[in-house]
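In case you want the letters, here they are:
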Amino acid sequence: MIRVLYFASLRERLSCSDETLEAVPATVTDLRAQLAGRGGIWHEVFADGQRVLAAVNQEMAGAGQALQDGDEVGFFPPVTGG
Amino acid sequence: MNVEIRVQDTPLDAVAEIAPVYAGQASIGGVVSFIGLMRDMNQGDAVSTMKLEHYPGMTEKALAAIVDEAASRWDLAGVRLVHRVGEIRPQDPIVLVCVASAHRGEAFRACEFIIDYLKTRAPFWKREQTAEGKTRWVDSRGSDEAAAAAWEDSK
Numbered sequence: 086m087i088r089v090l091y092f093a094s095l096r097e098r099l100s101c102s103d104e105t106l107e108a109v110p111a112t113v114t115d116l117r118a119q120l121a122g123r124g125g126i127w128h129e130v131f132a133d134g135q136r137v138l139a140a141v142n143q144e145m146a147g148a149g150q151a152l153q154d155g156d157e158v159g160f161f162p163p164v165t166g167g
Numbered sequence: 039m040n041v042e043i044r045v046q047d048t049p050l051d052a053v054a055e056i057a058p059v060y061a062g063q064a065s066i067g068g069v070v071s072f073i074g075l076m077r078d079m080n081q082g083d084a085v086s087t088m089k090l091e092h093y094p095g096m097t098e099k100a101l102a103a104i105v106d107e108a109a110s111r112w113d114l115a116g117v118r119l120v121h122r123v124g125e126i127r128p129q130d131p132i133v134l135v136c137v138a139s140a141h142r143g144e145a146f147r148a149c150e151f152i153i154d155y156l157k158t159r160a161p162f163w164k165r166e167q168t169a170e171g172k173t174r175w176v177d178s179r180g181s182d183e184a185a186a187a188a189w190e191d192s193k
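Protein chains in written order, with our numbering: chain A, 86 to 167; chain B, 39 to 193.
Quick caveat, the hints were computed from the structure, so don't treat them as lab data. Do not rely on the hints blindly, as some may be mistaken.
Stated by the list, open to error - Quick list of simulated restraints, FRET-style, between CB atoms:
1. A/Gly147 <-> B/Asp51: 21 to 27 Å
2. A/Glu97 <-> B/Ala84: 33 to 39 Å
3. B/Ala169 <-> A/Gly122: 38 to 44 Å
4. B/Phe72 <-> A/Thr114: 16 to 22 Å
5. A/Ala132 <-> B/Ala169: 43 to 49 Å
6. B/Phe72 <-> A/Glu97: 36 to 42 Å
7. B/Ala102 <-> A/Gly147: 37 to 43 Å
8. A/Glu144 <-> B/Gln46: 54 to 60 Å
To be verified - Some but not every residue of chain B turned toward chain A, in silico, with C-beta under 10 Å:
9. Gly82
10. His92
11. Pro161
12. Gly171
13. Lys172
14. Trp175
15. Arg179
16. Lys193
To be verified - So these bits of chain A aren't anywhere near chain B, every CB distance computed over 12 Å:
17. Gln143
18. Glu144
19. Gly166
Positions of the beta carbon are idealized from the N, C-alpha and C atoms, including for glycine.
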């Protein structure tokens with residue numbers, strides 16, 4: 086089981102702030118592909134070429150990072166603080 | 039090193055945050071502060087309010103990692119980093135970076151490094167409301183990426 090969180094413009098576009106997935110994808114890349122596979126706006130957001138950053142357990146993650154049971158994955162647009 | 043990092047949804051009194059960074063430490067010879075303010079214009083439009091969102095938990099970790107990185111590069115006596123979230127108006131402080139060191143050079147460089155890294159690595163997002171009542175998410179800037187990347191090159 087993993088927890089997936091969506092922030093800022095992503096949360097609004099997807100109309101979803103968080104969800105729990107029972108099956109654990111092997112990597113962040115696999116998770117992105119799975120989410121894109123939902124079609125519609127999910128495909129638009131997660132298909133190649135979109136700038137969506139990922140964090141695993143609240144630390145910035147590369148696309149190929151492995152996932153484990155219990156992980157928290159956050160997806161968000163490029164940050165604009167400061 | 040005396041470090042304080044906060045994310046707050048209440049007004050930030052940036053000037054009041056500075057004195058505690060050096061008070062009582064006579065070895066400190068210089069304090070450099072950066073105060074980021076909300077502007078009333080963006081991309082040619084008048085902006086009336088802004089809402090800052092963040093990723094609770096990750097934000098605090100990211101800010102602590104940035105301060106740790108600064109402390110590993112320069113000899114610092116104190117750092118205070120305070121960032122607003124919630125609703126703000128033009129002229130409100132968004133962020134305070136305050137760095138104290140024995141000598142000014144380290145404090146200047148560390149202060150600029152911290153704000154440059156924060157701009158590209160800390161999970162905050164701004165949504166602004168224009169004077170005409172439209173709301174929009176603020177886009178990230180390539181110039182911020184370039185500023186952060188320059189520190190990587192100088193490592």
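**Request:** Could you work out which earlier hints the structure fails to respect and list their numbers in ascending sequence?
**Result:** 1, 2, 4, 5, 6, 7, 8, 9, 12, 13, 16, 17, 18, 19
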